[in-house]
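Participant: Position chain W relative to chain S; hints supplied.
Each chain, written out:
Protein chains: 2
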Amino acid sequence: MSIKITVIGAGSVVFSLGLVKDLCLTEGLRGSKVCFMDINEESLDVVYKLGVRYAEDLGSELRFDKTLNREESLQDADFVINTATITHNEYFMKRRRDLTTKFGYFYGGTGMPEYHNIQLMLDVAKDMERICPKAWILQAGNPVFDGTTLMSRETNIKVCGLCHGHYGYREIVRVMGLDPNRVTWQAPGLNHNIWLTHFYYEGKDAYPIMDKWLEKNIVSYWEEKEKGGGYSAQLSPSAIHQYKMYGLMPIGDTPRRGGWWYHTDMETRLRWYGGPIGGGDTPEGRDNILKGKERHYQQMKEAAYNSDIRPVKLFGDKKTSEQHVPIIDGLVNDHEGFFQVNVRNDGALPGVPNDVAVEVPAIVNRKGIQPLRVDPLPKKILLECIYPDWLRMERTLEAVKSGDKSMLLFGILESHQTRSYDQATQILEAILNMEPNEPMAYIEDINKHFKWPGNWNLGNK
Amino acid sequence: MSIKITVIGAGSVVFSLGLVKDLCLTEGLRGSKVCFMDINEESLDVVYKLGVRYAEDLGSELRFDKTLNREESLQDADFVINTATITHNEYFMKRRRDLTTKFGYFYGGTGMPEYHNIQLMLDVAKDMERICPKAWILQAGNPVFDGTTLMSRETNIKVCGLCHGHYGYREIVRVMGLDPNRVTWQAPGLNHNIWLTHFYYEGKDAYPIMDKWLEKNIVSYWEEKEKGGGYSAQLSPSAIHQYKMYGLMPIGDTPRRGGWWYHTDMETRLRWYGGPIGGGDTPEGRDNILKGKERHYQQMKEAAYNSDIRPVKLFGDKKTSEQHVPIIDGLVNDHEGFFQVNVRNDGALPGVPNDVAVEVPAIVNRKGIQPLRVDPLPKKILLECIYPDWLRMERTLEAVKSGDKSMLLFGILESHQTRSYDQATQILEAILNMEPNEPMAYIEDINKHFKWPGNWNLGNK
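Chains as they are written, first to last, in this note's numbering: chain S, 2 to 462; chain W, 2 to 462.
Chain S extracted, bound-state conformation:
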């Protein structure tokens, strides 16, 4: 069926390339229109040209469009994929990390709520409500948990947040030398906070198999891998520690997070995430990610503009494992599939309020995105992992909604890296006074949005 898919923030390097490929390789979406929207004209053109040439390579009949205007891009859209971000930009994050380091924070762990990204999601969703009220939004940019919850509450559009973290179970299976295709699994929770409740191999409980493997191999696995490029967070000492605390394996981005005590400084990162650089979430790890993205962008430019190079040669003709396009295919063409989605709970994950976005498995077909009602998570996981994260999210949304600056301050005070009240007020002002980046011009100014309570000077000596 021919539909219109709009991609907001299409200049996003890694994401758009995969999307173009998946769209070209999905038979059922032949003839569809893809509208790329970004505020950065240069990267927008790269993605646009790359799309056109990739479609040529793969003999796809997709039609492409590009625009700098968000409202225009939303006209007649059936699906909106929002991958845009304001502060989760590598350059901005680096600048912010450098600043916060001066105030005693490691790796930017200030606890400052991400106002800009959340406000952007809400702005897009409200535009959609006006311009394309029947369209689905597939939210790719972070924070998916906060944003999916907020858009579900504040608008009437159809909202689904997507992430690829749940594929972390495959990493475990792969390292253990098992065949991922013989695994049956389930890992519900909140986005970036999901837990392997069910794990079967060829129909048998695979937790005992994993336990044996870990017992025998995990220490030597760490030692081996540390001599090379390191290991992913999925099998790090942090992941194993969380497994021991909770009795279920944390999956994907979950072991990248966990308690503050895994993240306080470089030495601690090395202990819990291994050498040589303490995993991706360290200054050096992030620099590597940035370099990778820059290399990737250069390749994309080549593939877009160099007539001697064809995209298919550089990037192949295989679908990615991202879920966006298969979900669209399921909804539009009834090509049923099984996915991991973030949607308003409404009872799917017992113990979590109805109006909170949960990450759960879902059957997707013409009837819609239909979450499975999963088993409740263990009480300890609820009390120590799920509810604290839920509360943090609720405070963030309330801060954005109320514009109460003291709620930003509370977020910073909640960071375990914050050592004193004065440090918190100082870093808050420092972040608020940072030189804005380009996309911030498209969002209500953070310093206009947030105000101290009226009597804030009472009793100040």
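Just so you know, the hints here were simulated from the structure itself, not pulled from any lab data.
Predicted model only: the values in this text are computed from it and were never measured.
There's no promise every hint is true.
For identical chains, the list gives no copy identity; a pair is met inside one copy or between any two copies.
[Said to hold, decoys possible] Below, in silico cross-link-like pairs of lysine-lysine (PhoX-like), each with a Cα-Cα straight-line distance of 20 Å or less:
no.: 1; residue 1: Lys205; residue 2: Lys368
no.: 2; residue 1: Lys34; residue 2: Lys5
no.: 3; residue 1: Lys452; residue 2: Lys380
no.: 4; residue 1: Lys302; residue 2: Lys34
no.: 5; residue 1: Lys5; residue 2: Lys302
no.: 6; residue 1: Lys95; residue 2: Lys449
no.: 7; residue 1: Lys380; residue 2: Lys402
no.: 8; residue 1: Lys50; residue 2: Lys95
no.: 9; residue 1: Lys127; residue 2: Lys228
no.: 10; residue 1: Lys50; residue 2: Lys449
no.: 11; residue 1: Lys302; residue 2: Lys462
no.: 12; residue 1: Lys294; residue 2: Lys50
no.: 13; residue 1: Lys245; residue 2: Lys462
no.: 14; residue 1: Lys5; residue 2: Lys159
Facilitator: Chain W alone, transformed into the frame defined by chain S:
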């Protein structure tokens, strides 16, 4: 009406004296029997003798009994007042503070759940279920919030937790030079976490009156009082800061608590709770409290044993402002009164789960303890004060129930004073290995009750 009132932990110095006085002065309880129970024979005898002599002084017809046996004390009881504590004992707390100081904690702020006190409450409640299932328990010992919730969930006895913190509103009124008898107020929440939602003076909103007073006087009030013995937490800079954050005045023990950033070290305490000693919750402040209690105990001994001294001369013939005896009088004799109680929520405080103990106003008469259904607290207070405290309580109860030692560890890691994972494991073991105090022999050994998860050594290098 003649009833039997049992006091568990009757050797508690301050509490028992007031109770005896209130009982003697309550006409409707004439002829009742008071059974004092304690494990400390010496202090038990002091309270017993003092009771007998005080009753003589006041011409009361109360009958007194004493026992070292808890089960015996509960036989035929109509009311059980539990004031017993295991670790909230000044000497033990001092010993624990001295220990934790060596591990880098100020004023014992380790976050270690209070297993012993909670287990004791549950043990008493379960005994009551067996021996005097129709009796009320009036819970006086802390933690009232955790204990009231637990006993309400795990037993079928009638549970009410009591505290006197709500009288903090009188301190505000008194300092402002107003007449407490013309004030109408309401301050619901959780125990030690209550907020002045309603405040009227002679029928008019008193918040604007207070705002004006604070604006004009609070700084000079602090300066003035710091020259003397200091001021109570109720009007401290911490209280005012919480008022500015939340728009409602925190009452009683609420401003004594608040965020971690008020409590990190002595300098910080002086900033938020004033000189000369940073309020009661500092090492020096606590030493003063201990000295006061010791003096009081000597006085009580005099009044109990010295034939030249009569209790009424030393301690007067006025009722205290404690609620225990008036509540008994209300329930038994239909002498209706208005109180502040901690009871299972069941909708009294919207936004808090039904099976959690809330602190709310209640009408007490022959029909029972009838909580008022109050207005919801502001969302910000729920998100930043009430829910985090609720979660902390739930984790504590789950730790006690499950015996999972890693939940004790999590409690310590949650303390903002904890700086690293290793510090947390070390202080945990240090506390668990403390020389037990006498009452601990009456409770299941903490080191038997708590065990690490089965795979705790997995991956340890």
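Participant: What are the numbers of the hints that this structure violates, sorted from low to high?
Facilitator: Hints 1, 4, 5, 6, 8, 9, 10 and 11 not satisfied by this model.
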